[in-house]
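Here the protein sequences come in this chain order: A and B.
Counting from 1, one number per residue, gives the positions in the first sequence under the numbering used here.
Counting from 1, one number per residue, gives the positions in the second sequence under the numbering used here.
Calculated from the structure, these hints are not laboratory results.
Small disclaimer: the values here were computed from a predicted structure and weren't measured.
Even for Gly, the Cβ is constructed at its ideal location relative to N, Cα and C.
Please note that a few of the clues may not be correct.
What the hints assert, rightly or not - Below 25 Å or equal to it, Euclidean Cα-Cα: the simulated DSS-like pairs (lysine-lysine) are:
{"no.": "1", "chain 1": "B", "residue 1": "379", "chain 2": "B", "residue 2": "413"}
{"no.": "2", "chain 1": "B", "residue 1": "390", "chain 2": "B", "residue 2": "413"}
{"no.": "3", "chain 1": "A", "residue 1": "36", "chain 2": "A", "residue 2": "108"}
{"no.": "4", "chain 1": "B", "residue 1": "219", "chain 2": "A", "residue 2": "36"}
{"no.": "5", "chain 1": "B", "residue 1": "219", "chain 2": "B", "residue 2": "379"}
{"no.": "6", "chain 1": "A", "residue 1": "108", "chain 2": "B", "residue 2": "159"}
As the list claims (entries may be wrong) - Where chain B lies over chain A, by a calculated footprint (3+ residues, C-beta under 8 Å):
{"no.": "7", "stretch": "9-22"}
{"no.": "8", "stretch": "94-104"}
{"no.": "9", "stretch": "111-117"}
Said to hold, decoys possible - The following label-pair restraints were derived from C-beta to C-beta distances:
{"no.": "10", "chain 1": "A", "residue 1": "29", "chain 2": "B", "residue 2": "388", "range": "52 to 62 Å"}
{"no.": "11", "chain 1": "A", "residue 1": "44", "chain 2": "B", "residue 2": "63", "range": "54 to 64 Å"}
{"no.": "12", "chain 1": "B", "residue 1": "434", "chain 2": "A", "residue 2": "115", "range": "53 to 63 Å"}
One-letter residues, chain by chain:
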Amino acid sequence: MGCLGVAMADLGRLYQDGEIIVREGDPGDCMYVVQKGRVDVIANFGGDEVVLRSLGRNDFFGEMALFERDVRTSTARAVGQARILTVDRRTFLRGISEDPSLALRMVKIMSHRIKDLTGRLAAYENPLSEGRARGSPVPGDGARQRIARPGAAGPGLQE
Amino acid sequence: MIRTGRGFAKRWARMADSDQCSLSHGSRVAVVGGGPAGSMFSYFLLNFAEIANLDLQVDIYEPRYFTHCGPAGCNHCGGIVSESLLQRLATEGIELPSHVVQRGMDSYTLHMDVGTVRLNAPGLEKRIAAVYRGNGPRESEPLHQVSFDGYLNELAIGKGARMVRRMVTGMDRTGDSIGVTCADGHNRNYDLAVVATGINSHFVESVCERVAPIRQPKKTSTFICEFQLGRSMIEETLGNSMHVFLLDIPRLEFAALIPKDDYATLCMLGDEIDEELIRAFFQSAEFRHCFPDAIVPPHACHCLPRINVSTARYPFDDRIVLIGDSGTTRLFKDGLGAAYRTSKAAARTAVFHGVSARDFEQNFWPLCRTIDADNRIGKFVFSVSGLIQKARFSRRAVLRMTALEQAGDSDRKRMSEILWDIFSGSAPYREILGRAFHPAYVGGLIWNLAASNWPPVQRRDAETAGQGV
Chain A
1 MGCLGVAMAD
11 LGRLYQDGEI
21 IVREGDPGDC
31 MYVVQKGRVD
41 VIANFGGDEV
51 VLRSLGRNDF
61 FGEMALFERD
71 VRTSTARAVG
81 QARILTVDRR
91 TFLRGISEDP
101 SLALRMVKIM
111 SHRIKDLTGR
121 LAAYENPLSE
131 GRARGSPVPG
141 DGARQRIARP
151 GAAGPGLQE
Chain B
1 MIRTGRGFAK
11 RWARMADSDQ
21 CSLSHGSRVA
31 VVGGGPAGSM
41 FSYFLLNFAE
51 IANLDLQVDI
61 YEPRYFTHCG
71 PAGCNHCGGI
81 VSESLLQRLA
91 TEGIELPSHV
101 VQRGMDSYTL
111 HMDVGTVRLN
121 APGLEKRIAA
131 VYRGNGPRES
141 EPLHQVSFDG
151 YLNELAIGKG
161 ARMVRRMVTG
171 MDRTGDSIGV
181 TCADGHNRNY
191 DLAVVATGIN
201 SHFVESVCER
211 VAPIRQPKKT
221 STFICEFQLG
231 RSMIEETLGN
241 SMHVFLLDIP
251 RLEFAALIPK
261 DDYATLCMLG
271 DEIDEELIRA
281 FFQSAEFRHC
291 FPDAIVPPHA
301 CHCLPRINVS
311 TARYPFDDRI
321 VLIGDSGTTR
331 LFKDGLGAAY
341 RTSKAAARTA
351 VFHGVSARDF
361 EQNFWPLCRT
371 IDADNRIGKF
381 VFSVSGLIQK
391 ARFSRRAVLR
401 MTALEQAGDS
411 DRKRMSEILW
421 DIFSGSAPYR
431 EILGRAFHPA
441 YVGGLIWNLA
451 ASNWPPVQRR
461 DAETAGQGV
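So here's chain B without its partners, still in its complex pose (with noise of 0.2 Å):
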């Protein structure tokens, strides 16, 4: 077993003297925690499994049933499938039918006290998807429809997989297996263990950090809340557009509003969200403003989840991997698409490499040292996204350069693209650093900066008048 706080070269010499072992005929495979990663890690595995012709047995363990309303079969996510995300799953074979998909949604509209500005998708495609994790929010009607986490759990258990609706409660490691206890007493010996039960639970350090020295990622908390507006409201106040705002308020780092079907949710990240923070932004002109009359209505439901901010150190060992938000995932993006880049590189590990800490070492890890990696780079990107909320001519400048860009009709929308790919999640921060200094991009800031805050009378008349949308 590996320890933690040893150094690099140590870990690395436990591992070359780990026996090798890897997934033969027969082999099981348990994994805690049946949301997007583990549904997609068993789906990926018995696929690869079928190209490799190994026999496999894998038990998702999960309590919760993803067709109940509410906190009992909900995630606690905003809910969104990403650009990048809906494309790989697409050429994957994998569709979002429409009984999952909530809304489609074809542009993103930037709310700021300067204005407001849509940003269109090329051909305004449908390139985003709002799903809910569970069947809706508390007291909502019944949906006709199946839930993100439901439909990839069908997915997995047609390729094979078996759902068990037990609570694992304990893990212990004997000889080359590793058992899984749960609540009511069942016990099983597994050769795999796949840890996917994100970090809104005590598991990883209560059960996982029994059988490996697993240092759990930094977290920080969220809000979300889900509000009612009717079918015909959302349709007439937000279209199929998600709404961020970049507002000066303190600690606020990006707040979205997602229309779905009857429901709007909110999702409100940055440091430590608290109620104050909340107060501040239900209090602001541009989220008020959403909402017919300026009023905002109660919401139906709420949670307050939290969000890692950091890697798992080290989120494997022999038998057993951490996959999902328990491992890794990107900063404040993309949550289910990086879900879906760990699960598959574990399940490709696992079937085509082996399941030692080596295999994961080798064939897993470098993929969470890339996302780690780019979260880092992500923490300048919205130090310096922060920087634009707090002065008034940098949002100026910012509003303006889009609103042009989104009016005129040439190919490349510099600013546009870097803030797509912000809210989107859909381009690694590195790549978005990297488009930022652009001398086009550059030299075009400069020039907005300048024109947009230059003549002050003429400023003042834009504002009034109300640039952008």
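In isolation and in its complexed conformation, chain A is listed as follows (with noise of 0.2 Å):
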């Protein structure tokens, strides 16, 4: 099958490389699952952007919004060409409501993501650790790069 066709049968939204899919500080209702290609969750210290994660196929973003009304707490941008599904909190709490295991996964995910952070945390709040021994304890240089190492153990991330 030719381009056309494989356009033709994806699903989704098509971002164009470095187009923001969610900003940081928007209101949000839903979450997004990655259908094609990578997208970056950015949170922005002080006027430094830290790129949080890398997320691909399968992976999803923005769940936060599906169970509190609060604003995006960082920014999604498309790295390359990427699709994305948009997961509406009304479908969602609809099917929770019906079925709880429909959480199961994300659940599951977010359990990975809290092990990794705590793991992180623990690694730049030791002492000992590589980066307070090159004395940069101060989250906006390579210390705040260390803790957010884009694509570390963990599927997935964040809002």
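If you follow the hints, you should be able to join the two separate chains into one complex; please do so.
Right under this line is the structure:
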């Protein structure tokens, strides 16, 4: 099948390289699932951009908006062309009210993320860790980048 | 064993007396039918068993290969994966890859005699998937794609299910197991038998009813056909939009033209679709104008499958459960979504609760009842929709309100949302009805009824100019 055929059969919405999918501070009422391509989840610390995680096919992000009515805490940006499918809050909540096991995979992945972040935080807090030894304890430079190793253990991330 | 017609209390008492039965290490499960319900049941059963640290053997009995073109590999269905099912599957980590999807759709185009209007998905996102249940229509070129049913088979096999290419012709109850007999004499006992044969075979009445007193759902016939238009023609005429028709044709509830790769699938739903009704629809200007030069091409293949319009009573007994269309489905919509919901509920019950009639009564039957109750509301929604179809002045109001909403940038598009949910089957009918009683919606409809029908001169001008789109 040619290119036309493949594009025709794709689902979700196509984002171009560098296009913002969700922006930190915006209100949110849905989460997203990566169908194709890659997405970077980025946080802003005092004007510096930090890539918290790099996501690929089948990973989800923006899931916190399904559970609490708050603004997005990070930005998601397409890396290259990316196809993204939206999961509406209403559809999701309707689904888990009927079938709580719908959230099992999300809980499992979020648990991996907590484990991953705990490990990274422990490494950051440890005075003998590499970053501290280099004397860069303040988020905003190398230490922060080290806290947020994109694509480190555990799939997916964040809002 | 439970007998129907003895009243709920007696039925309950019998179930209370029945021995508790549950699945344990090495338990065997037979799934009769390898369509979406059977495959999804197997997938979720093995998934839950893994969580519960349970080792189960699952055999899926399916004589057909979904790699065949035409009726041999087809499950006779329009092949729409609704927005809500797509989103739920994505949440489960099940994606529909490009080689399974025939076309992603981003809108509905509503055709009525008073005009045409397009309802776009938010952000023009492709939220609906058109798929083939087999490997395409009769005499189609072999597709380099995998059918939806074939893909789900692969998912179940990937989880550890075994595909048995045999036709089940008999079932019997022997002590604490269900015996499954095949046409070639093969026989095996199972701790649980799951029936996912749909309602287009006589399996439930001729085989199931011998081991469990199950009363089949009521059925009605539909019409499905395939038009070979070619990819570029489909791009040009239908695009990535599902075309739905609300026409004043007696007994026709709904018709949809679904663009796929080289073909477009037509689905007609209503009260006992017959030749006369099909002819009336094919002659309607609204349908003909979807094709070049307003000429409806000959169809490549067609079928008159039956769909259920009620729920089986009762779709379970000790060690046996009916899922998907065999048990219940949503009225006219989202049959694949209902198959997903019932199959997962049955799998959850079998692993975490047990496989006795009481377990299914407490943990599976409530979902069937919810679907059944919602279908009753759906019948009311469709009867109101039928009234709108019959009255030209109300069709004008619906068209005007929808067209204005689609042209504007308001967040709340009340008429569009109701139509979208009716067409897509994404929301329960109960919710749709609730939204239809919202004062803002009722007020908007009254205003549009007045504005679209008065003064008559302007109305005629608007119709001549071609409203909507």
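Structure-based check of all given hints:
1. B:379 x B:413: Given pair residue 379 of chain B, residue 413 of chain B holds - Cα atoms ~24 Å apart, limit 25 Å.
2. B:390 x B:413: 24 Å, holds
3. A:36 x A:108: 22 Å, holds
4. B:219 x A:36: Status violated; Cα separation ~40 Å.
5. B:219 x B:379: 14 Å, holds
6. A:108 x B:159: 18 Å, holds
7. 9-22: Check passed, 5 qualifying residues.
8. 94-104: holds (count 8)
9. 111-117: violated (count 0)
10. A:29 x B:388: 52 to 62 Å: Taking Cβ atoms as reference, residue 29 of chain A and residue 388 of chain B lie about 30 Å apart, which means the hint is violated.
11. A:44 x B:63: 54 to 64 Å: 59 Å, holds
12. B:434 x A:115: 53 to 63 Å: 42 Å, violated
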